[in-house]
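Peer 1: Chain by chain, the residues:
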Amino acid sequence: MTPPVISPTGGWVGSAIFVLVFIGALIIFGIRAGRLVALLAKARPEDRTDHIDDRIGEFFLTVLGQQGVLRDPIPGLAHFFTFWGFVIIQFGLLNLMLGAFNASLPVLGGNRAFSIVLDIFVILVAVALIVFAFRRAVVRPRQLSSFLHGPWDGFIILGLILLVIVTLSLLEGFEYAASNGAAWTLIGSWIGPWFSGLGTRDTTILYRFFWWAHVLTVLYFLTYLPRSKHLHLMATPFNVFFRNYKAKGALPLMEDLEEREDYGVAKAEQFTWKQLLDGYACTECGRCNTVCPATNTDKPLFPKEIVLGVKEALFVRSAEILGENTLWAKLGVAGVPLDETAKEKAAHHEPMVGGIISNDALWACTTCRACMEICPVSIEHVPKIVDMRRHLVMEESEFPTEVTPLFNNIERNANPWEISNDKRADWAEGLGVPLMAENPAAEVLYWVGCMGSFDRRNQRVATAVVKILQAAHVNFAILGPEESCTGDPARRIGNEYLWQMMAQQNIETLNGYGFNTAVDSSNGQNGHAPGASAEGPTLKPRTIITACPHCFNTIKNEYPQLGGNYEVMHHTVFIEQLLADGKIKLPEGFDQRKLTYHDPCYIGRYNDIYEEPRRVLTVLNSNGISEMARNRNKSFCCGGGGGRAWMEERTGKRINQTRVNEALSTGAEVLAAACPFCITMFDDGVKGVEAEEKLQVEDISEIVARAIETPSPATRLEA
Amino acid sequence: MPNTIWVLVELEDGKPARSSLEVLSKAAQLGRAEAIVLGSAAAEVASTLGEYGAEKVYAHADAAYDDYLTLPAVDTVSQLLQQHQPALLLLATTYDLRDIAARLDVRNNMGLITDATDLQFDGDTLLVTVPWGGENVVTATFPKSGTGIVLARPKAFSVERHEGKTAEVEMLNIPLNAESQKIKILERIEVQSEGPALEDATVIVSGGRGLGKPENFRLVEELATALGGAAGATRAIVDAGWVPYSYQVGQTGKTVKPTLYVACGISGAIQHLAGMKGSKYIVAINRDEHAPIFSVADFGVIGDVLTILPQLTAEVKKRKAQ
Chain A
22 MTPPVISPTG GWVGSAIFVL VFIGALIIFG IRAGRLVALL AKARPEDRTD
72 HIDDRIGEFF LTVLGQQGVL RDPIPGLAHF FTFWGFVIIQ FGLLNLMLGA
122 FNASLPVLGG NRAFSIVLDI FVILVAVALI VFAFRRAVVR PRQLSSFLHG
172 PWDGFIILGL ILLVIVTLSL LEGFEYAASN GAAWTLIGSW IGPWFSGLGT
222 RDTTILYRFF WWAHVLTVLY FLTYLPRSKH LHLMATPFNV FFRNYKAKGA
272 LPLMEDLEER EDYGVAKAEQ FTWKQLLDGY ACTECGRCNT VCPATNTDKP
322 LFPKEIVLGV KEALFVRSAE ILGENTLWAK LGVAGVPLDE TAKEKAAHHE
372 PMVGGIISND ALWACTTCRA CMEICPVSIE HVPKIVDMRR HLVMEESEFP
422 TEVTPLFNNI ERNANPWEIS NDKRADWAEG LGVPLMAENP AAEVLYWVGC
472 MGSFDRRNQR VATAVVKILQ AAHVNFAILG PEESCTGDPA RRIGNEYLWQ
522 MMAQQNIETL NGYGFNTAVD SSNGQNGHAP GASAEGPTLK PRTIITACPH
572 CFNTIKNEYP QLGGNYEVMH HTVFIEQLLA DGKIKLPEGF DQRKLTYHDP
622 CYIGRYNDIY EEPRRVLTVL NSNGISEMAR NRNKSFCCGG GGGRAWMEER
672 TGKRINQTRV NEALSTGAEV LAAACPFCIT MFDDGVKGVE AEEKLQVEDI
722 SEIVARAIET PSPATRLEA
Chain B
-11 MPNTIWVLVE LEDGKPARSS LEVLSKAAQL GRAEAIVLGS AAAEVASTLG
39 EYGAEKVYAH ADAAYDDYLT LPAVDTVSQL LQQHQPALLL LATTYDLRDI
89 AARLDVRNNM GLITDATDLQ FDGDTLLVTV PWGGENVVTA TFPKSGTGIV
139 LARPKAFSVE RHEGKTAEVE MLNIPLNAES QKIKILERIE VQSEGPALED
189 ATVIVSGGRG LGKPENFRLV EELATALGGA AGATRAIVDA GWVPYSYQVG
239 QTGKTVKPTL YVACGISGAI QHLAGMKGSK YIVAINRDEH APIFSVADFG
289 VIGDVLTILP QLTAEVKKRK AQ
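Going line by line, the protein sequences match chains A and B. Counted from 1, the first sequence has number 320 at position 299 by this note's numbering; the numbering is strictly sequential. Counted from 1, the second sequence has number 76 at position 88 by this note's numbering; the numbering is strictly sequential.
Simulated from the structure, these hints should not be mistaken for laboratory data. Even for Gly, the Cβ is constructed at its ideal location relative to N, Cα and C. Just to be clear, a hint being listed does not mean it is correct.
What the hints assert, rightly or not - Label-pair ranges, simulated between beta-carbon atoms: (1) Val94/B with Ala350/A: 27 to 35 Å; (2) Asn654/A with Ser146/B: 53 to 61 Å; (3) Asp292/B with Asp283/A: 54 to 62 Å; (4) Arg671/A with Glu303/B: 48 to 56 Å; (5) Tyr83/B with Glu280/A: 28 to 36 Å.
Take these sequences, add in the hints, and give me the full structure.
Peer 2: Below is the structure:
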């Protein structure tokens, strides 16, 4: 406990004033931050304590290691140093404040090594500040701006950080000068000699002045934080810690559909606490905007504004949410102070959905997950959007008119079109494909999906899959009329009711054939093939394969919510396995056309399947893949997800054409895809940009099937 | 004795709505058709309904029907039902008539079948065809005696006009209950629909990518004009910006059920078929004989639309001139 060389307060009066100021600042901060916590406590409950070991591990990587922000190197490094500088300066500050009581931190106080590290970080923060200020004032990336408030918050924060390090440097310099070098610090020893002409009295006064300035700046910063974007500094560690560890492809289940009183989210407090914490954690960096296919094609959706809009809506209603009997209401501070724009919206009683957040923004989302993938602080944009869509669909019956036939047809015909589901297996006529009803012991169920069953273009994909399965002598079957739409488009448009209806129907069918892998002892129904438990060993786990990433994702990740647990594989993974096991042989270099591959969102970002499709393609094509700039987890959506394939794209550029142009720019002749929606969107996109002569859209299975069927490996493929 | 079928004829701008005349024509085929017409133009309209198959018309010329929402009509029809017992009340599916049907059903405990595409009498038993799930249909009937209500789908039946036929007109002179004049219509706003009136057209000629370039859409429009119909388009050419969205026929565009649908250079993607395969007659012109459009077409021409369309248009014009 080395006392400071010179007392910073100059006696007990100063120290007493410091104590009062310090306590005052803590009270203000406590009220402001506590109010934010109280708001979370009023939100819906949600359990986020699963996978606790992983949470702790990742917490260190993301928060202390700054893993998320470092993906964007320049601002990432600058942030890394600011973050660590901030942490270290806090210890330095604590040390300085203890100086008011002639004390210091154990170990660190009076430790020269620590003081050197501290000052090095002060310099690094100064460099980072220059980078930040340059970005904000000169580069001005569009994603940094927001509709909801002006650019000032960012500059105020930069100004405050600057003030913190300037006052710290000066106090070190004057302390060095006043103590004639006895109080050695790195920066102090550099700038201290400048002030040696002033005399001890003056330098001591100036040292004390900058001590106060430094301490007051930090305390002001503390009280300013809760209403600033720099709230993320306190909220992000929690947000990262409580991030979603369930399957990425599963939207939250809406429980008690028959009895609940609200459907979806219209008001901020109907979100779960974690969805609201997202708003506190948002740093407004706008990475989500830069990758959003809607934002990039001039749609009215900006993912960042969704997150900030929810936060704004929460603050607008904070007084009402906290109610009259809370500490905050009694103190008269239940209402979070609002920005000018938010005040205006509050004065007009603008609702959250359809006001602060426009319906058009919500409908523009393709649920491609690019925003969530890039977000350094684990914000969950898509579940918020779907929650608000649920409100629009199930409470307001307010959705794009062209979706009506989709809902009606799924409900009546179990497929999106006005086609009788009895015809679901018609495409397979003459191909020798058994139905499950005819071959109940089939090891593999090929889940064809609506597109493969009814859409002419995708029937060719289904046919290709069948040819591959037959060539590999797989014992498989299809469900035919027993198969129904999985409900995926309905769920993502917000019609949870319809999704649950379809899911239950399909789960019943799949369980009937013994596909459920989880034996649920609680009700004794699930998981058994009929009679299996009575007759002895249960059937070995059997696989469902599908060529549709949307079917794949919802069966694999969402059906478990309703008790359906299955082993599901995307056909690209299955084909890759057949290749690896030697079940099918492909002539290497069979297809030497220049090709590029588009990662579908629902097998890529949602299920981390990136390499299997590529391995299949590179076996066939020794030239490899001419990758588009945006590939793998940065893949740019085709525009068809989230039910968008069933809606009109009325504003901005076409998403599908944007992606087709990107494929064309690689010089590829073939755009390999692995999703029926991507194929449909790209076929239209290719026509739209009039590139039919230049670019073919083909499913990987089509290329493989052609290679299997062609007798001579030397045959060069005709376009 | 033939069954008596009542039809409530809706008025649009003082004229009978086409949908009402469709069901009136059907009623005349089923048995003795009688019409009810309510509103300030009732008297003039009543005298013309004989041409569409009505043998008797009950008319009440009172502006209250025009000024208040549905309730006065429900009152009047209910009163008429107490005096007469027709076998059936057949209504077209429109916003007002759906509302009236529901209220009549509840008020008089009648029984209501919606969404009918066909109906016939088997003796005294009424059999109603209702589509359920795409191509499936169910046949429904009323389990009890008394007057049942059937709402028929628009365009399920065609209008048949017999010029010179007249109906017996009975002008009603009943006081309207003030209680029923609750919901006053303050304002009527006509929604300005842009583009061709595809939903109402009996003939639609549509074009797709097979036309080659935007200028060739003119050929589609010319044939549509020659046939007295409207021009439509596929999503592909709407997306490509050849024509506005209002032309789009398909899953995410308009669903049409014209008598004649001519698909020109359209391959027949499911997105398009979803919007037009309910058409009565489908004619397809396409170069590719494997195009899926031929699987739904009644009549197919394999060939180049650019050479066929001008000839077809010329022939239609020539025959119309004769």
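Peer 1: Now, for every hint given, state plainly whether the structure supports it.
Peer 2: Results for each hint:
| no. | hint | result |
| --- | --- | --- |
| 1 | Val94/B with Ala350/A: 27 to 35 Å | violated, 49 Å |
| 2 | Asn654/A with Ser146/B: 53 to 61 Å | holds, 58 Å |
| 3 | Asp292/B with Asp283/A: 54 to 62 Å | holds, 58 Å |
| 4 | Arg671/A with Glu303/B: 48 to 56 Å | violated, 39 Å |
| 5 | Tyr83/B with Glu280/A: 28 to 36 Å | holds, 32 Å |
When held up to the earlier numbered hints, the structure conflicts with 1, 4 and fits the remainder.
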